[in-house]
Amino acid sequence: MRLVLAILLLAACGASPAPDMFGSVRSEVTRGGMDFVVFQQGSEVEVVRMGYLSRPQRRPVPVLMAEAAEVATGCRVIANSMTTKIPGDTGVARFALDCRT
211 MRLVLAILLL AACGASPAPD MFGSVRSEVT RGGMDFVVFQ QGSEVEVVRM
261 GYLSRPQRRP VPVLMAEAAE VATGCRVIAN SMTTKIPGDT GVARFALDCR
311 T
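Here our numbering is used: the first residue of the sequence shown is 211, the next is one more, and so on.
Be careful, since some hints might not be right.
Said to hold, decoys possible - Pair by pair, the computed Cβ-Cβ distance ranges are:
1) LYS295 to SER253: 18 to 26 Å
2) ALA228 to GLY261: 18 to 26 Å
3) ARG310 to SER264: 33 to 41 Å
4) GLN267 to CYS309: 26 to 34 Å
Think of the hints as simulated: they come from the structure by calculation, not from any bench. All C-beta atoms, glycine included, are put in the ideal place defined by N, C-alpha and C.
Let the hints inform the model, and build the full structure from the sequences given.
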């Protein structure tokens, strides 16, 4: 019962950044019909995909996450900088940014 309550409380909060990204700038972006929350701190972003997707629907997500990061920050995502805590994860990813104008 406590687990169910904890899950419901967390779900009500929406997306929140990893602890090392607390204090970051939060943006919401929709790309390819998917909603993303982007947390920027300096030259790094954490992108969180919102909502459930089936396995086949997840294929375009990494590219859409990078696009969301660029739209939210106005910076260019550095190629091949995407990292995830779980290999192949399409729920949360980090990217390095090049914010030089």
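Here is what the structure says about each hint:
no., hint, verdict
1, LYS295 to SER253: 18 to 26 Å, "holds (20 Å)"
2, ALA228 to GLY261: 18 to 26 Å, "holds (19 Å)"
3, ARG310 to SER264: 33 to 41 Å, "holds (39 Å)"
4, GLN267 to CYS309: 26 to 34 Å, "holds (31 Å)"
In summary, the structure agrees with every hint in the numbered list given earlier.
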